[in-house]
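Listed here are the chains, written in short residue letters.
Number of protein chains: 2
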Amino acid sequence: MSETDQKTEWNETDEQAPLNAPMEEQEYDFGQAEEKLLALQQEIRQQKIPVVIVLEGWSAAGKGTMAGELLEGLDARGYNVCVNEHFGKEEVGYPDFHRYWTRMPAKGEITLFIGSWYDKLCSDLVKGKGKRELERIKLMENMLACDGVVILKFFIDISQKEQKRRLKEMEEKKRTCTLVSKEDWRQNKEYDQWEKVYIHARQETDAPGREWHLLPGNDKRACKKALYETVTAAFEEALAKSKAGDRSWDVPQLSDHEPLETERMQHLQMFDPAQALEEDYKSALNAAQKRLKKLQYEVYREGIPVVIAFEGWDAAGKGGAIRRLTNALDVRGYEVEPIAAPTAEEKAHHHLWRFWTKLPKQGEIRIFDRTWYGRVMVERIEGFCTEPQWQRAYEEMNLFEKELHDAGTVICKFWLQIDNEEQLRRFEARQNTPDKQWKITDEDWRNREKWPQYEAAVDEMLQKTHTAFAPWTVVEADNKQYARIKVLTTVADAMEKALEHKKK
Amino acid sequence: MSETDQKTEWNETDEQAPLNAPMEEQEYDFGQAEEKLLALQQEIRQQKIPVVIVLEGWSAAGKGTMAGELLEGLDARGYNVCVNEHFGKEEVGYPDFHRYWTRMPAKGEITLFIGSWYDKLCSDLVKGKGKRELERIKLMENMLACDGVVILKFFIDISQKEQKRRLKEMEEKKRTCTLVSKEDWRQNKEYDQWEKVYIHARQETDAPGREWHLLPGNDKRACKKALYETVTAAFEEALAKSKAGDRSWDVPQLSDHEPLETERMQHLQMFDPAQALEEDYKSALNAAQKRLKKLQYEVYREGIPVVIAFEGWDAAGKGGAIRRLTNALDVRGYEVEPIAAPTAEEKAHHHLWRFWTKLPKQGEIRIFDRTWYGRVMVERIEGFCTEPQWQRAYEEMNLFEKELHDAGTVICKFWLQIDNEEQLRRFEARQNTPDKQWKITDEDWRNREKWPQYEAAVDEMLQKTHTAFAPWTVVEADNKQYARIKVLTTVADAMEKALEHKKK
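Residue numbers (the numbering used here), protein chains in the order written: chain A, 1 to 504; chain B, 1 to 504.
By construction, these hints were calculated from the structure, which means they are not laboratory data. Accuracy of the hints is not assured; some may be wrong.
Computed footprint of chain B on chain A; a stretch qualifies when at least three of its residues, placed anywhere within it, have a C-beta under 8 Å from a C-beta of chain B [said to hold, decoys possible]:
#: 1; region: 35-42
#: 2; region: 63-70
#: 3; region: 85-92
#: 4; region: 326-333
#: 5; region: 342-354
Derived Cβ-Cβ restraints for the label pairs, each shown as a range [what the hints assert, rightly or not]:
#: 6; chain 1: B; residue 1: A456; chain 2: A; residue 2: A344; range: 31 to 39 Å
#: 7; chain 1: A; residue 1: K120; chain 2: B; residue 2: W451; range: 49 to 57 Å
#: 8; chain 1: A; residue 1: A233; chain 2: B; residue 2: P434; range: 15 to 23 Å
#: 9; chain 1: B; residue 1: W249; chain 2: A; residue 2: K450; range: 42 to 50 Å
Small disclaimer: the values here were computed from a predicted structure and weren't measured. Note that beta-carbon positions come from the ideal geometry of N, C-alpha and C, so glycine has one too.
Using the sequences and the hints given, assemble the complete structure.
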């Protein structure tokens with residue numbers, strides 16, 4: 001990082017904001033409040049309650065200072081701080097909420113966002129834009145709240161006069177003068193307009209379990225007192241609910257919005273998995289791979305991220321299809337993400353968290369060998385999640401894919417379909433070939449017994465998550481060669497379409 | 001990432017290298033070789049053997065192509081690919097081996113490095129530099145090998161004539177012409193000089209458990225065959241050793257080098273933990289915190305990373321000292337890393353891996369609440385590691401800190417020393433205060449019984465890891481106020497010294 005970059009990154013004006021302190025020190029025992037919060041935090045940890053704290057406010061309102069005050073009452077072994085203005089180069093090329101989703105707290109942890117997704121929203125709203133962003137924010141918070149995350153949002157309020165005074169004072173001091181930007185002065189001049197926007201944003205995103213709390217920024221002690229009282233009360237409430245086994249947040253449907261539109265999809269049973277390849281396999285494969293190789297470079301050059309998601313019956317040929325795909329690609333431009341049962345850390349987060357952490361950047365290809373759809377298949381059928389969890393997951397996954405799509409990502413989703421009898425033949429072949437025995441486990445045999453339940457779940461998944469922006473392709477896979485060519489061709493077509501669209 | 005950046009990042013010439021193929025297809029059954037490797041990889045996983053594969057070679061030698069060929073015989077559920085030329089902005093500001101250490105494989109995993117730490121080494125050697133880097137590389141590989149990592153290094157060799165032919169052919173084709181750089185042609189012109197450097201680098205870094213293997217780059221099939229045969233043989237050997245319980249790699253001392261010099265350090269028993277603070281605490285604290293706040297900005301501006309490491313007896317006051325330190329700092333410029341028992345993922349790596357992943361970037365302050373020294377204290381005493389492991393850890397930690405120091409990092413290491421009786425008083429006070437009970441556990445009482453063992457271990461640690469570049473400060477901590485002022489002052493002094501040094 002060059003020095004100039006550093007300076008521009010850490011360029012927040014409330015840095016040295018000279019806060020007033022009309023409240024008397026004796027009025028409130030901060031030491032005691034801190035001790036109490038520390039003790040409550042331990043319980044939050046034991047009860048595995050995830051907490052998001054958002055600190056927002058006017059320029060020079062004292063966000064940094066208040067964050068520091070709050071951390072005095074928290075044990076570092078349980079929180080993470082995320083500074084919005086620090087996001088830099090490492091986030092370039094990802095969908096814009098990637099930075100937030102990947103930093104959401106695990107169960108029992110606290111993430112403190114100093115500045116947040118509201119920063120960009122409010123700048124946009126001031127310019128008369130941001131309507132869609134407002135919806136996206138509501139939905140992100142909604143998904144977290146449904147997952148049991150306690151969301152506390154604070155806005156530090158100061159008057160136009162006070163803001164002006166602070167900016168001036170900062171400009172006059174040698175140490176802080178470089179911290180005041182044109183944008184800060186612009187906000188001060190257009191205070192009324194910003195105030196409307198802030199009020200609007202807070203009103204629109206104030207909902208049970210994710211309320212806004214206004215803090216009096218003019219008075220440092222009163223501000224800290226209100227902050228501590230609110231956090232303490234919220235922790236106590238969450239703990240009481242948790243101890244009472246109250247899971248009222250775990251609902252089957254996301255509120256706040258019209259479900260995303262899905263496309264018509266043929267029922268799974270209607271596909272005939274036995275299809276013949278009508279061309280010569282070797283030359284068809286060769287042609288498809290050549291085409292893909294060329295497209296990979298173009299996609300790279302154009303900075304298009306590509307997500308290729310594979311689902312299918314055990315032994316349907318996912319591995320073989322993926323291998324034919326990767327053979328065509330330059331290793332330096334793709335990654336295969338094998339998705340197994342979630343680790344302890346992954347389980348402690350929202351079910352989509354681990355996929356947010358595995359997304360491709362612009363120009364990269366990410367191949368998922370099994371995907372987020374495990375939620376509505378194995379996790380549903382084996383009871384690894386609650387019924388409301390998998391029921392709302394369809395919509396969550398549509399929204400997740402919509403975020404990727406809107407960030408320019410090409411999304412191909414494959415279901416590899418084979419006949420029940422064909423699966424048996426393949427299982428037996430694996431069992432009888434020494435070098436292939438590792439491919440077959442007892443679990444595969446157990447899953448096979450639940451074929452009808454899986455079939456129903458897969459069909460429901462296809463019906464509910466086949467969208468224009470992230471369509472499913474059912475691949476008839478009794479004939480492996482046919483299946484591979486279909487996969488490769490589908491991916492190439494999707495890339496080509498995205499490239500054409502981009503060039504327009 | 002801007003488009004221009006992307007292009008320059010993926011600018012390796014061996015991309016489309018037109019490889020010859022004089023070996024006949026029928027001579028070797030690649031399909032069978034791939035199946036066999038796939039099966040061996042499963043065993044490598046079960047036996048939890050970590051593997052590093054390095055692919056190096058001349059420009060246009062076909063590293064990318066060979067990597068692709070190798071991956072055909074590997075299951076994606078067990079390897080990661082790391083492309084040296086792709087490292088970009090996310091690594092700027094870290095010590096230069098950070099990118100490699102953080103990507104080392106967990107037990108049972110394979111990391112394939114396409115290009116590696118040898119790239120920069122060899123460019124430096126050609127310029128007559130790089131002697132120190134050569135030593136650092138030997139030591140990094142040595143540490144990994146001592147940890148049981150199987151290191152396979154391949155160099156793809158092509159003749160000057162063949163390289164010239166390929167570069168020309170690439171320049172003539174529209175799709176590949178932009179991939180040939182001036183550096184590639186320069187290497188071709190100075191082929192003899194580069195060849196000497198390559199041979200020298202390989203000779204110097206060829207050691208048992210981390211041998212170099214030369215691959216014939218002129219012949220694609222022969223190259224792939226040699227690659228498969230070598231990897232297969234190495235896997236078989238490692239598996240045989242592992243199954244026989246052979247842990248001959250786990251040695252108490254790193255070879256290859258003179259141990260780093262340590263400074264004289266007074267024995268732990270000689271410190272009197274009862275010290276009186278001779279100034280007024282409140283004003284001394286206030287002054288130290290003001291000084292630190294100012295220094296934090298300077299350190300940030302100058303891009304100096306700061307590591308502050310806390311160790312000490314249970315209840316010695318680490319938490320309180322850290323809180324007084326962080327109170328002085330802007331929350332947006334520091335992070336506290338609480339170090340607990342390693343997670344499963346951390347345990348599966350080299351013991352320093354988790355600390356490499358937590359380092360500060362330029363200008364950041366990272367505070368470690370317990371540290372890498374757990375290896376030679378709790379892990380040693382509780383038997384969580386083998387004797388050779390903790391014995392060689394002193395030197396490993398000195399080398400780790402040397403890497404940080406050489407990258408400009410300020411390092412402060414604190415041992416908070418209290419009297420045995422004082423600890424008892426504090427334990428009892430915690431037990432008797434409701435809001436503080438969470439601070440005391442049965443484990444604390446158990447550790448207390450092992451005071452003499454810990455005392456000896458701590459003293460050995462101080463003696464063996466007190467260096468000029470990363471000195472220990474023993475903090476007499478019976479008096480909490482004295483201890484806090486000493487910590488804050490020591491950190492401020494160290495920062496100041498680094499700033500003065502930088503400005504020279």
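Hints, verified against the model:
1. 35-42: Answer holds; 5 residues pass the 8 Å Cβ test.
2. 63-70: holds (count 3)
3. 85-92: Answer holds; 6 residues pass the 8 Å Cβ test.
4. 326-333: Our answer is that it holds, as 7 residues pass the Cβ test (under 8 Å) against chain B, meeting three.
5. 342-354: Our answer is that it holds, as 3 residues pass the Cβ test (under 8 Å) against chain B, meeting three.
6. B:A456 to A:A344: 31 to 39 Å: Hint holds: Cβ distance 35 Å, inside 31 to 39 Å.
7. A:K120 to B:W451: 49 to 57 Å: holds, 55 Å
8. A:A233 to B:P434: 15 to 23 Å: For P434 (chain B) against A233 (chain A), whose Cβ atoms are near 19 Å apart, the range 15 to 23 Å holds.
9. B:W249 to A:K450: 42 to 50 Å: holds, 45 Å
Checked against the numbered hints above, the structure breaks none of them.
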